[in-house]
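K.L.:
Got chain A sorted already, so can you dock chain B onto it with the hints?
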Amino acid sequence: MQEHVHNSRLSHKILLLLMALTIIFFTSFLLGRYQVMPDMVITILLSKIISLPQTWTDNMETVVLQLRFPRIIAALLVGGALASSGAAYQSLFKNPLVSPAILGVSAGAGFGASLGMILYYPWWGIQILAFLFALLAVAASFLVSQIFGGSSRNSMTVLILGGMVISALFQAMLSCVKYLADPLDTLPAITFWLMGGLSKVTNSDVLFAFFPIILSCIGLYLIRWQVNVLSIGEEEAITLGVNVNLMRIIVVICATLMTAAAVSISGIIGWVGLLIPHMARMLVGPGFALLLPVSLIMGSGYLLMVDNVARNLTAMEIPLGILTALIGAPFFVFLLSKVKRGWT
Amino acid sequence: MILSVEDISFAYPRRPDLINGISFSVDKGDVLCLLGPNGTGKTTLLRCLLGINKIKRGRIRIGGRDISEMSARELARLVAYVPQAASVAFPYQVMELVIMGRSPHLGVMSTPTEKDMEIARSALARTGISHLQYSLFSEISGGERQLVLISRALAQQSNILIMDEPTASLDYGNQTRILKIVHELASKGYTIIMTTHFPNHAFLACNKVAIMKKGIIAAIGSPEEIITDDSLSDLYTTDIKVVSTKVRGMLSEEVKVCVPLMTLEAAR
Chain A
1 MQEHVHNSRL SHKILLLLMA LTIIFFTSFL LGRYQVMPDM VITILLSKII SLPQTWTDNM
61 ETVVLQLRFP RIIAALLVGG ALASSGAAYQ SLFKNPLVSP AILGVSAGAG FGASLGMILY
121 YPWWGIQILA FLFALLAVAA SFLVSQIFGG SSRNSMTVLI LGGMVISALF QAMLSCVKYL
181 ADPLDTLPAI TFWLMGGLSK VTNSDVLFAF FPIILSCIGL YLIRWQVNVL SIGEEEAITL
241 GVNVNLMRII VVICATLMTA AAVSISGIIG WVGLLIPHMA RMLVGPGFAL LLPVSLIMGS
301 GYLLMVDNVA RNLTAMEIPL GILTALIGAP FFVFLLSKVK RGWT
Chain B
1 MILSVEDISF AYPRRPDLIN GISFSVDKGD VLCLLGPNGT GKTTLLRCLL GINKIKRGRI
61 RIGGRDISEM SARELARLVA YVPQAASVAF PYQVMELVIM GRSPHLGVMS TPTEKDMEIA
121 RSALARTGIS HLQYSLFSEI SGGERQLVLI SRALAQQSNI LIMDEPTASL DYGNQTRILK
181 IVHELASKGY TIIMTTHFPN HAFLACNKVA IMKKGIIAAI GSPEEIITDD SLSDLYTTDI
241 KVVSTKVRGM LSEEVKVCVP LMTLEAAR
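Chain order of the listed sequences is A and B. Here the first sequence stands for residues 1 to 344, where the numbers follow this note's numbering. Here the second sequence stands for residues 1 to 268, where the numbers follow this note's numbering.
So that you can see chain A by itself, here it is in the shape it has in the complex (with noise of 0.2 angstroms):
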């Protein structure tokens, strides 16, 4: 039997989760075509912090931080955001099958990117459309079900349908925006965008999307106990003094942000969002307070693992979100025969 509130052992799972991550990171630097050695990797890196003389090529600079750097930042913030927004919209929706893309953030943010594609925006239009139609699709589904969910009883239900139509009719429209769209440039860009990569990412890329995320994390991590309370129930939640209405207000705001600004760089990547919660709750139990933490360190860890595999396993770019699908469906059967107990 093993303690899932308040033990040494579980700061010790963390403090083990971020040595992984941190071996993870200065990893993924020395892999691609071109051989940077470890201590030029780090050297350049503490050069952008401190003046040191350059004893590195240009190219050498180039690589690791005009190429490698923003790949490997994005997709530790992607994965991040995609499995912290997962595990808390399974706390709040008390359902462990949730994913981030139930309120239809994809499927808006899949909208935009491909009507800034039809539209020949530049990149930068493309991701803003994107981010915008993400948050467009989630207040859609909440508007929906402030009008359509009547009595408290059964609004979260209500709220989950919502997000399916909405969903529905952001897919359709992305289907007539394909439809439109030149067959020979924009129809291939869409499908690409639509199967998620990071091979595009710059630093400015970075920069857009870190506000939101760690700005979302913040606040996530700030209600964690309160997210907690709300897993078990929310009429429960309000006899023991949760605040549910506003709490359920803060996770959709900080969940939608936080997918939405990770999707709008990296297109549709899914199965993390779904995956990583569940591996955190095998290692450190149901409660939020110390599941959000290790869903983010877990999360931004597997989806750089990936992110490598995707970059350097061939010699062309494998988009990432097949990958993910590819190692998460297996291995979600895999964790569902580990978990003998506790989904009832």
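Source of the hints: derived by calculation from the structure; they are not laboratory data. All residues carry an ideal CB built from backbone N, CA and C; glycine is no exception. Incorrect hints may have been included.
As the list claims (entries may be wrong) - Derived list of chain A stretches under chain B, where covered just means 3 residues or more per stretch with a C-beta under 8 angstroms from a C-beta of chain B:
#: 1; stretch: 94-107
#: 2; stretch: 237-250
#: 3; stretch: 285-292
P.N.:
Only chain B this time, still in chain A's reference frame:
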């Protein structure tokens, strides 16, 4: 009066009233038992007292203060809820659930401290289930789950406990175990309002009984005066007899029990 309910009504939007014009009050140390057939609004009434249902009319006061003017947090410090033991979506350990009782005492942005752990542990000790603290809630028995939920309410340190059918689907041993705890808590100064489908339990653990019928309180008083052949037979629309029997060694020698009678039409 620690809790007074003044002429309250409740209905879901655009629906008929579920409870209509209910008034009663309870004092420190009272155990009030709500009796009534399914669908008469017992649970609705409890949900009003807990602030889950917002009442349409009337007033609920605790210690003189109107609960509609309190935040969920303030109310939770005064009233704790012991729901029917249902399942939880995630594999929580008993301790993780009990410590949630500390929530109304925590800041919105903080988590339980070692002191809260201590309070949760002593709540578990009080219901006699300290040994279960690391067991999964989903893997313990129905009686144990009910004790966990009572422990959570005790960790909440509210003086009023609202229990929704605390003895439902429990065996005799567990029923009496729960009723003993109810009795003991009342003697320590807790005020308890509970619903039940067993009128016998009112004799065993309560000093007040209210009979609910179609959204109103039809009668309220001591178990002896309220629970009679006529009132029960009328309430549950089946013949019920209240019989007394002498039991040696019991505190109050005479024990009252309610017996439903199966009268076959032909035998009448």
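K.L.:
None of the hints should be skipped; say for each whether it holds.
P.N.:
Results of checking the hints against the structure:
1. 94-107: holds (count 3)
2. 237-250: holds (count 7)
3. 285-292: Coverage by chain B holds here, the residue count being 4 at a Cβ distance below 8 angstroms.
Checked against the numbered hints above, the structure breaks none of them.
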